[in-house]
Amino acid sequence: MEQQTGTFAVKKGLAQMLKGGVIMDVVTAEHAKIAEDAGACAVMALERVPADIRAQGGVARMSDPELILRIKESVSIPVMAKCRIGHFVEAQILESLKVDYIDESEVLTPADEEHHILKHNFTVPFVCGCRNLGEALRRIGEGAAMMRTKGEAGTGDVVEAVRHARTVMGEIRQIQNMPKEELMAYAKNIGAPYELVLETAELGRMPVVNFAAGGIATPADAALMMQLGVDGVFVGSGIFKSGDPAKRAAAIVKATTHFRDAGILAEVSKNLGEPMVGLNVSQMPEGEKIAGRGW
Amino acid sequence: MNIGVLALQGDFAEHIAMLKRIGAEGVEVRLPKHLDGLHGLIIPGGESTTIGKLAVAYDLMEPLRAFANERAVWGTCAGAIFLSKDARREQPLLRVMDITVERNAFGAQVDSFEADLEIAELKQATGTTHPYHAVFIRAPIIESVSGEARVLSSLPDGRIVAAQEGHLLATSFHPELTQDTRFHEYFLSLVS
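Residue numbers (my numbering), protein chains in the order written: chain U, 1146 to 1440; chain V, 499 to 690.
Hint data in this document are derived by calculation from the structure and do not stem from the laboratory.
One or more of the hints may lead you astray.
Quick list of in silico lysine-lysine cross-link-like pairs, PhoX-like style, CA-CA up to 25 Å [what the hints assert, rightly or not]:
(1) K1157/U with K518/V
(2) K531/V with K518/V
(3) K1178/U with K1243/U
(4) K518/V with K1415/U
(5) K1392/U with K1415/U
(6) K1392/U with K1434/U
In this text, all values refer to a predicted model and were calculated from it rather than measured experimentally.
Take these sequences, add in the hints, and give me the full structure.
This is the structure we're talking about:
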């Protein structure tokens, strides 16, 4: 009997297991334990959370493999790690470390300003960011097995996450209602593979799991994104840049499960301590925004 | 027939879609009151630590044990771990099935796989002859069964991947990720 690894069903399948959950950015093994104890369904192993990458500037790269391995050893839940857009050698290294998912992420400094990684070449699955349906379907065409709306990472301002989720959901609603003969021109206009546009229209959803990311800082933010129709949330700087990370992390996990129950949302939002300070995206110069990275 | 699907975290929507295809109603269960009036329950794939912590936080452990005493319950992957009496590490478990599991028994995600299984009971119950194509995602194995629990399916190397104990069912793979409805049909036969 033959066992097949690295199939698209298996890659996409892990993302399906993460649904309804919270994936948390962690920079140490201690953080990873706190995240797991709070009920995170996976962690993203990083050297710096996006808020620090923003503050410190410079070139942001893949994390030290030693750090990633230490985090992997400290928890039983899946561990993800980020590589730069287009940097397929960082991805090869992360695959050799046996991380469970690679995030080809705009939060790091892009290594290629025209091309993303051909993700079908890997056994490990990839998650990528998107601001609209065209970008999402291009990434899936390259082999991404999970998507996340980009938001604006490291800000604690949910406005861009909402914009990107509404855009993607709106475009899906639009193509569901289009006569089939209009889908080819639509695919051309948004720069997406035609077959994936057809599949999305038929399913009434993206063909892979889609989480929200970039600016989620409170239980209410997480529930907002869930009610807008995403499958789960990434929380980056919002947890470990806040006053009481363990408590806030557990509250965001509960809010993501009970996202339609306002009574529970009120309960878990009580006495969480200081949230991350945050940056107002509307007052940010265009050049400082990172969501525009990705092609 | 109303079948609850524990909706704390994981791929509960996939189970509900499968149930719909075979004419059963799937109901999301997040709080103890949602168990009222259900004929059976599925505990989906997901992260067993997350599901366990949320079940403890919302006082679901005892109501779920009481439900499993009387009605059919099926756990897939994380759900199978949650039903087991022992998962070899400290985490909340229902301990209603006489099985011991080992989490992530095949390794990391790069070792996740698909394989065909020969499951005699399944073929018999559904009147079919073709093998069952199973999807394993960071899957646990059932290390051992004891008491009334019995092996339903094993890999060629002997590792147990499905077990049954009366009206309780555990699979380390994910029938909800396939187009094959036979396992869901088999579970419904335990419900009625």
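Taking the hints in turn, this is what the structure says about them:
| no. | hint | result |
| --- | --- | --- |
| 1 | K1157/U with K518/V | holds (22 Å) |
| 2 | K531/V with K518/V | holds (22 Å) |
| 3 | K1178/U with K1243/U | holds (19 Å) |
| 4 | K518/V with K1415/U | violated (38 Å) |
| 5 | K1392/U with K1415/U | holds (10 Å) |
| 6 | K1392/U with K1434/U | violated (29 Å) |
Hints 4 and 6 from the list above are not met by this structure, while the remaining hints are.
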